[in-house]
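In order, the protein sequence lines correspond to chains A and B. The first sequence begins at 1 in the numbering used here and counts up by one. The second sequence begins at 1 in the numbering used here and counts up by one.
Hints listed in this document are in silico derivations from the structure and should not be mistaken for laboratory results. Wrong hints could be hidden among the right ones.
Said to hold, decoys possible - Listed next, with one range per pair, are the computed distances between beta-carbon atoms:
id : chain 1 : residue 1 : chain 2 : residue 2 : range
1  : B       : GLY102    : A       : ALA62     : 36 to 42 angstroms
2  : A       : GLU78     : B       : LEU267    : 25 to 31 angstroms
3  : B       : GLU314    : A       : TYR67     : 35 to 41 angstroms
4  : B       : GLN105    : A       : ASP31     : 36 to 42 angstroms
5  : B       : HIS385    : A       : GLU11     : 53 to 59 angstroms
6  : B       : LYS217    : A       : GLU11     : 17 to 23 angstroms
7  : B       : MET1      : A       : ARG13     : 55 to 61 angstroms
8  : A       : SER21     : B       : ASN161    : 51 to 57 angstroms
9  : B       : GLY403    : A       : SER27     : 48 to 54 angstroms
10 : A       : ARG28     : B       : ASP87     : 29 to 35 angstroms
11 : A       : ALA62     : B       : LYS268    : 50 to 56 angstroms
12 : A       : ASP31     : B       : GLU152    : 39 to 45 angstroms
13 : A       : PRO32     : B       : LYS217    : 33 to 39 angstroms
14 : B       : SER328    : A       : TYR67     : 49 to 55 angstroms
No experiment lies behind these values; they were computed from the predicted model shown. Beta carbons: idealized from backbone N, C-alpha and C, even for Gly.
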Amino acid sequence: MLKIHCPYCDEQREEEEFSYSGEAHISRPLDPGALSDADWADYLFFRKNTRGWHHEMWQHSAGCRRYFNVTRHTVTYEIFESYPMGTTPKALPKGDAR
Amino acid sequence: MGRYSVFSLMKNALSYHENWQAAWHSPKPKKHYDVIIIGGGGHGLATAYYLAKEHGITNVAVVEKGYLGGGNTARNTTIIRSNYLWDEASQLYELSMKLWEGLSQELNFNVMFSQRGVLNLGHSLQDMRDIARRVNANRLNGIDGEVLGVAEIQKIVPLLNCSPTSRYPVLGASWQPRGGTARHDAVAWGYARAAAAMGVDLIQQCEVSGIRTSAGKVVGVETSQGFIGAPKVGCVVAGNSGVVAAMAGMRLPIESRPLQAMVSEPLKPCLDTVVMSNAVHGYISQSDKGDLVIGAGVDQYNGYGQRGSFHVIEHTMQAICELFPAFSRVRMNRQWGGIVDTCPDACPIVSKTSVQGLFFNCGWGTGGFKATPGSGYVFADTVAHDRPHPLAEAFTIDRFTSGALIDEHGAAGVAH
Chain A
1 MLKIHCPYCD EQREEEEFSY SGEAHISRPL DPGALSDADW ADYLFFRKNT
51 RGWHHEMWQH SAGCRRYFNV TRHTVTYEIF ESYPMGTTPK ALPKGDAR
Chain B
1 MGRYSVFSLM KNALSYHENW QAAWHSPKPK KHYDVIIIGG GGHGLATAYY
51 LAKEHGITNV AVVEKGYLGG GNTARNTTII RSNYLWDEAS QLYELSMKLW
101 EGLSQELNFN VMFSQRGVLN LGHSLQDMRD IARRVNANRL NGIDGEVLGV
151 AEIQKIVPLL NCSPTSRYPV LGASWQPRGG TARHDAVAWG YARAAAAMGV
201 DLIQQCEVSG IRTSAGKVVG VETSQGFIGA PKVGCVVAGN SGVVAAMAGM
251 RLPIESRPLQ AMVSEPLKPC LDTVVMSNAV HGYISQSDKG DLVIGAGVDQ
301 YNGYGQRGSF HVIEHTMQAI CELFPAFSRV RMNRQWGGIV DTCPDACPIV
351 SKTSVQGLFF NCGWGTGGFK ATPGSGYVFA DTVAHDRPHP LAEAFTIDRF
401 TSGALIDEHG AAGVAH
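Could you put the whole structure together from the sequences, leaning on the hints where they help?
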């Protein structure tokens, strides 16, 4: 069970209140009509699927219902930080999980 | 390689079973092979076996970072069925089913394939419509299937709670009598033994750390036991597909997630079929040893940790206790997680890649075990001939660009 901090509610809550929404910092193409099929596929489906520190989106679906980003390690499941949409994450911890 | 038979059993009994020959050897890697298969799980070993048997390519190495069959092959709930909705998927899984039916004889190794039937329960009118549609599609594809009512289900599974007053009453089910279970380890061991007998090198404790390419072509793999050269490399690394793809500078349309399962203490025989429910979300069968083997949905987040969150286990047990109130006091013995590589359309990728000589067989998601023989068969053909096997044409990586996805979320049986 992950304990996730919602940066809007400023509360540390259990994972069941949240919905996972996949890799963060993928911005929607500004001019979708101009994209090639390969670029569109890349935007829609292809993911880094990182083994290690991963920036990912969560929604506080049983709370404020807002999206935010979390930096989490995908092997240890340790959470480094949560930060609001539109902000930049801190530099990652050196090496692997602490 | 000596054959296993009642005579070899008797002969070895005379020497107190101390002189059985090793099922396979652990050679040092050669400098160069015709084909390297990365990943010594069921799918990888099956690929090596069919490369040798169907295509005469025996200069093959299977490179495994741990031990054979120690990944998802050892972590699944061993359910086998082929009742998928769409033509492309159902034909691939049905090829697998047909191979399962002769596998113990073919490999001379008892994989304990037991066609005890698989029930997929429906709990709502929409469930029943979907079930009727899927069963009709299966029958058009020559796959056995029936829609059962409550009375027929109760006859097959007397312990199942079919009360009309339960929270999510059972309204009916699809029934595939040819479905069932097999012994997971035996599948890996059977393929490993048969492949090794034809000259395939099974190299364990050998982790791949890089894929060496030259001018857009594969030339070999860097491993913890040094560089091994080969003009063709097949990656069959469920749970780490993204990691190996990154070694070749590629990304895949795959996300890796934990899928948990558990077994109970051993009980007397009480459940002689497989029961699955998408709606309350759990699936259960009883192993020959007597344990109840139970699984459910994937955890929602990406993870490589081979464990998930406790509330997922809790939901699974709620579903099982709802379906089988008699099991509410059964104690669970062990619980674990495997890492499933899920594709957006719940179908696998069996494909060439942009790098010449590099092939991927991945993305089987939550249902790869049932596909082990068929997956190996079509992937071996794809690698040997450098073009997709006819049954794998729909499963190339290009479908994510063309948009020809094969939506099997309904039949995949596990929500993700």
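Is it true that the C-beta distance of MET1 (chain B) to ARG13 (chain A) lies inside 55 to 61 angstroms, as the hint says? Between MET1 (chain B) and ARG13 (chain A), where Cβ atoms are some 58 angstroms apart, the hint holds.
Could one say that the CB atoms of GLN105 (chain B) and ASP31 (chain A) fall in the range 36 to 42 angstroms? 60 angstroms, violated
Assessment of proposed distance window 49 to 55 angstroms (beta carbons of SER328 (chain B), TYR67 (chain A)): 39 angstroms, violated
Quick check: does the Cβ-Cβ distance between GLU78 (chain A) and LEU267 (chain B) fall within 25 to 31 angstroms? 38 angstroms, violated
Cβ distance range 51 to 57 angstroms for SER21 (chain A) and ASN161 (chain B), holds or violated: Violated: the Cβ-Cβ distance is about 35 angstroms, outside 51 to 57 angstroms.
Looking only at beta-carbon atoms, does the pair ALA62 (chain A), LYS268 (chain B) fall within the given range of 50 to 56 angstroms? With a Cβ separation near 42 angstroms, ALA62 (chain A) and LYS268 (chain B) fall outside 50 to 56 angstroms, so the hint is violated.
Is the gap between the beta carbons of ASP31 (chain A) and GLU152 (chain B) within 39 to 45 angstroms? 57 angstroms, violated
Taking 35 to 41 angstroms as the hint, is the beta-carbon distance of GLU314 (chain B) and TYR67 (chain A) inside that range? 26 angstroms, violated
State, for the Cβ atoms of ARG28 (chain A) and ASP87 (chain B), whether the hinted interval 29 to 35 angstroms holds or is violated. 34 angstroms, holds
Honestly, do HIS385 (chain B) and GLU11 (chain A) meet the 53 to 59 angstroms range at C-beta? 58 angstroms, holds
Just tell me: holds or violated, for the beta carbon distance of LYS217 (chain B) and GLU11 (chain A) against 17 to 23 angstroms? About 54 angstroms separates the Cβ atoms of LYS217 (chain B) and GLU11 (chain A), which means 17 to 23 angstroms is violated.
Go ahead and decide if the range 33 to 39 angstroms is satisfied by the Cβ distance of PRO32 (chain A) to LYS217 (chain B). The hinted range 33 to 39 angstroms holds for PRO32 (chain A) and LYS217 (chain B), with Cβ atoms some 35 angstroms apart.
Hints 1, 2, 3, 4, 6, 8, 9, 11, 12, 14 from the earlier list are contradicted by this structure; the remaining hints agree with it.
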